[in-house]
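Novice: These protein sequence lines are chains A and B, in that order. Per my numbering: the first sequence = residues 23 to 337. Per my numbering: the second sequence = residues 24 to 560.
Please note that the accuracy of each hint is not assured.
To be verified - Below, simulated SDA-like cross-link-like pairs (lysine to any residue); rule was C-alpha separation at most 20 Å, straight line: (1) A:K29 with B:K305; (2) A:K251 with B:L77; (3) B:K542 with B:V523; (4) A:K251 with B:A141; (5) B:K305 with A:P331; (6) B:K305 with A:R332; (7) A:K251 with B:A145; (8) B:K305 with A:L27; (9) A:K29 with A:D323; (10) A:K251 with B:A137; (11) A:K251 with B:Q126.
Keep in mind the hints are simulated off the structure, nothing from the lab. As the structure is a computational prediction, the values presented were derived from the model and not from experiment.
What follows is the residue order along each chain.
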Amino acid sequence: MLHYLIKRTLILLATLIVASLVVFITIEVVPGDPASYMLGLNAQEDTVAALRAELGLDKSRVARYFSWVGGLVTGDFGTSYTYRTPVADMIRDRMWISLPLAVFALLLSTLIAFPAGVFAASRRGGITDTTVMGLTQLGVAIPNFWFAMLLVLLFAIKLTWFSAGGFAGWDAGFFAAMKSLTLPAIALALPQASILTRVMRSSLLDVMNEDFMRTARAKGLSRRQALWKHALRNAMVPVLTIIGLQFSFLLAGAIIIENVFFLPGLGRLIFQSIASRDLIVVESVVMLLVLAVVLVTFAVDLAYAWVDPRLRSSR
Amino acid sequence: MNDSLLQLQDLNVSIHDTPILLDVSLQVDAGSVLGIIGESGSGKSMTALSIMQLLPHGSSLSGQIRFDGLQIDSIDEEQMCTIRGNDIGMVFQEPMTALNPVQNIGTQVAECIALHKAVSRAESFKQAAQVLEKVGLPNAQFPLTRYPHELSGGQRQRVVIAIAVALEPKLLIADEPTTALDVTTQEEILQLLKQLVDESDMAMILITHDLAVVSEVADNIVIMRAGKVLDSGPTKTIFNELKHPYTRALYEASSHTPERGAEIKKTSALVEINSLICEYPKARKTFFGPREKFRAVNDVSFKIYAGESVGLVGESGCGKSTLAKALLGLSPIQGGQIHLHGEQLQAGVALSRRVRREMQVVFQDPYSSFNPRHRVGRLITEPLHVLDNQPSSKERQQLIESTLESVGMSGEDADKYIHEFSGGQRQRIAIARALIIRPALIVLDEAVSALDVSVRAQVLDLLAELANTHELAYLFISHDLSVVRSITDRVLVMKDGQIVERGDTEQVFVAPEHSYTKKLLAAAPQLPTSSAQVIGR
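Input sequences plus hints: build the corresponding full structure.
Specialist: This is how it looks when you write it as structure tokens:
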């Protein structure tokens with residue numbers, strides 16, 4: 023087990039180093055000089071040069087890479103080219119929206135998908151199964167921004183239970199904040215829950231055809247007992263994989279939903295930064311997302327080992 | 024008649040309107056062993072599942088199943104759950120997959136106990152430990168916290184047996200319990216089952232395709248084919264009289280010896296292997312430093328002459344498949360040389376086409392060794408790409424036809440897909456694929472192990488015939504000693520990566536010298552000699 027942990031940790035670190043290089047190099051090749059962009063088309067050449075010096079853009083690439091990475095490690099993400107504020111602060115504010123939103127959406131999706139998947143699998147071919155499968159088909163097919171607008175129309179405009187957009191802020195209290203995240207979370211969770219339900223169902227059905235399920239029944243367990251005691255845990259590996267992928271996606275991929283609900287999240291931040299060539303923000307946010315993805319993968323790997331003892335020994 | 028523990032009367036089962044069992048009647052007395060024999064598709068497993076009431080979805084059942092005074096066919100599922108595992112235990116064929124991989128063995132055995140007895144959790148584990156001890160897994164060596172993947176096939180089968188007998192059921196159903204195991208392990212498991220039956224008044228149904236296995240254990244025998252009971256009676260009578268033609272056919276097929284041509288002259292060695300060494304890296308234990316190595320083939324030398332059939336026997340893990348792969352150039356070697364026609368092969372490097380032309384292989388599983396999306400004509404002509412002069416499409420067509428005919432198929436089969444054929448036919452097609460470029464050597468890696476006895480007899484005949492007509496040499500790898508005896512001139516016995524005994528096949532089988540060979544031969548189940556002796560043996 024210790025061996026497994028060390029190996030995963032080393033892989034995690036290696037991924038981060040490679041990712042930081044890729045991010046840095048990609049940003050370097052992208053055309054557009056931040057200094058001239060910030061000063062506009064009519065800027066004097068010596069003004070641009072002065073600004074470049076101020077931003078540290080005149081140093082060698084290697085030096086800039088190391089000062090960037092060094093900053094990341096110490097929590098100094100640099101200063102935004104556009105807003106002239108510390109990037110760390112900008113990210114922190116957005117993180118407090120995007121992270122809870124992603125967790126909220128994932129929680130919803132899991133809470134829907136688990137029972138639905140188990141339910142459908144245990145009644146395979148029945149009406150319940152067909153209904154659940156039909157609904158998930160719909161859930162995958164509906165674009166989530168359109169679903170988001172339907173939610174706004176119904177719950178915000180018609181019923182006025184929720185506000186149509188914006189974020190109340192954590193200062194307004196936990197419930198007020200969560201309330202403004204509810205509709206976006208539902209909109210995000212719908213397609214994820216649909217996919218997860220289908221994965222859960224098919225994974226369970228695979229496991230239910232395994233020999234050991236027959237052994238379980240021969241012991242005298244009922245179908246339901248066999249499903250809960252023997253099938254569920256065995257079916258978890260593919261489900262965990264999908265949950266891991268979904269969380270990473272939800273963290274950064276909520277950009278459209280953030281726009282629909284006017285949420286100042288990470289997705290919007292990165293979108294705006296790219297548009298205004300605020301490369302230092304782009305670099306930092308992307309790196310942060312990479313870190314999140316890598317950490318989630320790490321957590322999923324640990325969960326695999328917890329679920330399946332075969333992964334704990336060796337390898 | 025009514026005193027029997029289990030009685031099936033006119034049992035009919037169909038799945039989605041396809042009849043599976045037809046008027047099956049049989050009975051098992053308390054404390055006795057009934058052997059059910061049949062080839063694949065005979066309905067023997069379905070009979071067992073009917074008794075357990077665990078038939079697949081869409082099955083319908085009529086007829087009577089009486090067990091211990093209960094009418095099993097008409098009781099409800101809830102009551103059946105109290106019988107399964109408690110009064111009837113079941114052991115399955117595949118020990119590798121019959122246990123839940125994510126639960127330790129203690130939990131799995133204790134679950135059965137806790138389910139049927141009102142005992143505390145601690146008590147159920149205590150009893151589980153006792154049962155595991157009884158089936159030969161002492162706690163000191165095999166603590167309850169072991170997971171299935173930490174056990175060998177034979178040990179896992181012991182755990183499955185422990186689950187089945189944990190509550191001292193009145194009836195134990197064992198469905199091909201030893202088919203997936205090595206001969207020596209098979210013998211141990213059979214002994215264990217026999218012992219469990221002898222020690223209590225538990226009855227057992229032993230389902231198998233292997234006449235020799237059943238003859239050693241069963242008091243009575245039922246012979247099934249295509250869902251019907253063809254023959255039944257006490258084991259001795261059945262084997263002595265061989266009254267039913269199908270019983271006789273099965274018996275003959277089980278002890279079938281194909282007719283083989285005159286002995287070949289050992290002129291020049293076709294293949295010569297000298298001090299071959301194959302190693303695998305083991306899983307890492309420490310993070311840094313070199314990985315430990317496992318030596319699968321350790322200093323092996325032998326020759327195969329043109330037209331000769333050489334057997335390679337040994338238990339799983341002895342290195343025989345690694346050896347075959349090395350010979351075929353499919354895995355790298357760490358030492359020694361392989362010569363073909365006196366020319367040294369470059370180890371681990373892709374073999375030249377000239378070498379490839381000389382050697383072909385047929386694998387065990389005729390189901391998974393073909394691409395299901397290609398037609399037979401394309402499948403069997405795949406090796407042709409190693410020829411220097413590619414045949415024209417007309418020649419290719421003729422080649423397909425003649426090769427298919429030489430393995431007893433017809434030219435029309437070339438347009439079919441592989442799923443349209445039975446197991447035996449698929450193995451013929453696999454042989455056709457190996458044969459089409461006229462190799463000098465075919466490696467047969469457990470090539471007949473998955474086949475039913477009657478089909479196996481036909482395939483063995485075919486191999487013997489092809490060897491005569493095409494001057495083929497075979498390297499016949501198998502764990503089945505009787506098959507090796509029937510088709511090889513010489514035999515190599517392999518253990519732990521080394522060849523421990525070699526010699527002329529009859530010599531080795533009649534007078535084995537190495538203790539391991541003796542052990543193997545003693546463990547192999549023997550067909551009883553029948554007084555209605557088979558003609559032509």
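Novice: If a hint holds in the structure, say so; if it doesn't, say that too.
Specialist: Tested hints:
1. A:K29 with B:K305: holds, 16 Å
2. A:K251 with B:L77: holds, 18 Å
3. B:K542 with B:V523: The given pair, whose Cα atoms are some 12 Å apart, holds under the 20 Å limit.
4. A:K251 with B:A141: Between K251 of chain A and A141 of chain B the Cα gap is close to 19 Å, so the pair holds against 20 Å.
5. B:K305 with A:P331: Answer holds: K305 of chain B to P331 of chain A is near 19 Å, not above 20 Å.
6. B:K305 with A:R332: holds, 16 Å
7. A:K251 with B:A145: holds, 19 Å
8. B:K305 with A:L27: Between K305 of chain B and L27 of chain A the Cα gap is close to 19 Å, so the pair holds against 20 Å.
9. A:K29 with A:D323: Roughly 11 Å separates the two Cα atoms, so the pair holds.
10. A:K251 with B:A137: holds, 13 Å
11. A:K251 with B:Q126: holds, 10 Å
Against the hints set out earlier in the document, no violation occurs for any number.
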